[in-house]
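There are 2 protein chains.
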Amino acid sequence: MEMTAFKLVEVTDEEVDEIEARYGPLAEAVRHLVDATIRSRAGDDVVGAAVEQIQEITAQLRADQVDGAAGVNYNATGRAWNWGNAAVGLRNAAAPPMDVVHDADGRMHADVLLGAAYEGPPGCVHGGVSALLLDHIMGVTASGMNRVTLTGTLTLRYVNPLPLGDVRLEAWISGEEGRKVFVDATITGSAGVALEAHGIFIIPRWSGDFEAVVVNDAGPT
Amino acid sequence: MEMTAFKLVEVTDEEVDEIEARYGPLAEAVRHLVDATIRSRAGDDVVGAAVEQIQEITAQLRADQVDGAAGVNYNATGRAWNWGNAAVGLRNAAAPPMDVVHDADGRMHADVLLGAAYEGPPGCVHGGVSALLLDHIMGVTASGMNRVTLTGTLTLRYVNPLPLGDVRLEAWISGEEGRKVFVDATITGSAGVALEAHGIFIIPRWSGDFEAVVVNDAGPT
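Protein chains in written order, with numbering that gives the first Met the number 0: chain F, 0 to 220; chain W, 0 to 220.
Check before you lean on any hint, since a few could be wrong.
Cβ pair distances, simulated, as ranges [to be verified]:
#1 Ala-75/W x Glu-176/F: 55 to 61 Å
#2 Glu-175/F x Gln-54/W: 18 to 24 Å
#3 Asp-43/F x Leu-112/W: 26 to 32 Å
#4 Asp-183/F x His-101/W: 34 to 40 Å
#5 Val-192/F x Ser-173/W: 42 to 48 Å
#6 Gln-54/W x Val-100/F: 38 to 44 Å
Calculated directly from the structure, the hints in this document are not laboratory data. Note that this is a predicted model, so its numbers are computed, not measured. Cβ atoms here follow ideal geometry from the backbone N, Cα and C, with glycine treated the same way.
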């Protein structure tokens with residue numbers, strides 16, 4: 000199993016809060032810029048100036064940056080964070096982002112607003128974006144936030160188009176068998192249920208090492 | 000079937016080229032900004048100023064913009080474009096992007112560089128990002144760029160982690176049966192084949208109307 004490890008770092012909860020308060024608004028601003036880049040009708044002057052300014056801002060941000068990706072880190076209090084995660088990363092402007100909510104009975108749901116950057120068929124969510132979000136919430140559901148699970152098999156049945164806008168994901172464990180966890184999920188939009196998903200997740204034999212630290216949705220989905 | 004239609008617009012090929020030459024570099028600059036937003040270690044001063052500047056740039060781009068998403072448009076020469084597409088959109092900074100290459104025998108492949116914005120497990124590509132890219136290339140393969148197909152069922156088998164970096168997708172038609180098209184695909188990274196996928200795509204009965212215009216990978220995947 001070749002995989003970069005979860006990393007224990009010496010950062011206090013207060014420092015994590017500070018960094019999130021600094022970079023959350025930046026990611027949100029960049030998200031709007033991504034949307035505007037798709038939808039703008041501005042001419043060469045405005046766009047050319049924008050490119051130069053964005054390159055300058057990027058250079059300033061990069062003057063001090065981590066090598067490679069953000070990784071998944073945790074600290075001594077057991078707090079974990081995955082700022083670059085493609086589905087839920089707080090600092091990832093390419094992520095919608097998605098906030099996974101734990102319901103009382105082990106079910107999970109997430110309400111996500113999907114705009115112009117998530118389009119596939121005209122006016123509809125890209126089927127692969129639905130797959131991305133389903134994969135993530137199903138992994139979180141399988142892990143129950145207190146164990147490591149890896150995706151084994153994912154089956155997606157596309158039953159209806161999913162118009163862009165507000166969508167709801169729901170996921171629940173439908174069974175367990177040894178190291179296998181079965182998860183069902185749906186994604187629903189303004190035209191009804193768009194996808195039905197079934198997943199088989201595996202609890203790896205090495206997972207005991209991490210069970211204590213994976214206390215939030217920073218799991219390896 | 001509730002779906003916004005493909006739209007015939009009065010834009011010449013030259014105008015499409017001009018718009019792509021203007022906005023392609025903008026999307027590329029924003030892609031680097033997305034990466035820097037995840038990886039930067041800059042402090043409050045730099046990040047605060049960046050937020051303000053980005054909001055200003057976004058406002059200028061939005062001063063004249065289309066309503067809603069970009070859609071999938073085509074012109075009288077049969078050229079089609081889907082600038083906002085979540086997998087391949089030229090103006091979508093959240094897309095890697097992916098260029099699908101047609102091989103001689105109906106097979107398709109794509110080489111994609113996946114950086115910090117596509118992370119799931121530490122140092123690895125998010126399983127859902129693999130699903131997104133596979134869904135897209137498989138849809139393009141099913142359509143053969145000359146007919147409309149819709150995703151019916153997608154089954155993904157995760158066999159190995161996929162380290163961030165260069166990955167290769169490959170897809171081919173494994174069979175056809177009436178209005179069903181069967182497509183197989185893989186995604187391979189530096190640790191070998193990471194996912195094997197099988198999809199069933201449907202040729203909708205209304206597809207005849209669009210067959211003439213879907214001449215590139217702007218299909219409804």
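Here is how each hint holds up against the structure:
{"no.": "1", "hint": "Ala-75/W x Glu-176/F: 55 to 61 Å", "verdict": "holds (58 Å)"}
{"no.": "2", "hint": "Glu-175/F x Gln-54/W: 18 to 24 Å", "verdict": "violated (48 Å)"}
{"no.": "3", "hint": "Asp-43/F x Leu-112/W: 26 to 32 Å", "verdict": "holds (28 Å)"}
{"no.": "4", "hint": "Asp-183/F x His-101/W: 34 to 40 Å", "verdict": "holds (37 Å)"}
{"no.": "5", "hint": "Val-192/F x Ser-173/W: 42 to 48 Å", "verdict": "violated (28 Å)"}
{"no.": "6", "hint": "Gln-54/W x Val-100/F: 38 to 44 Å", "verdict": "violated (29 Å)"}
Violated hints for the displayed structure, listed by number in ascending order: 2, 5 and 6.
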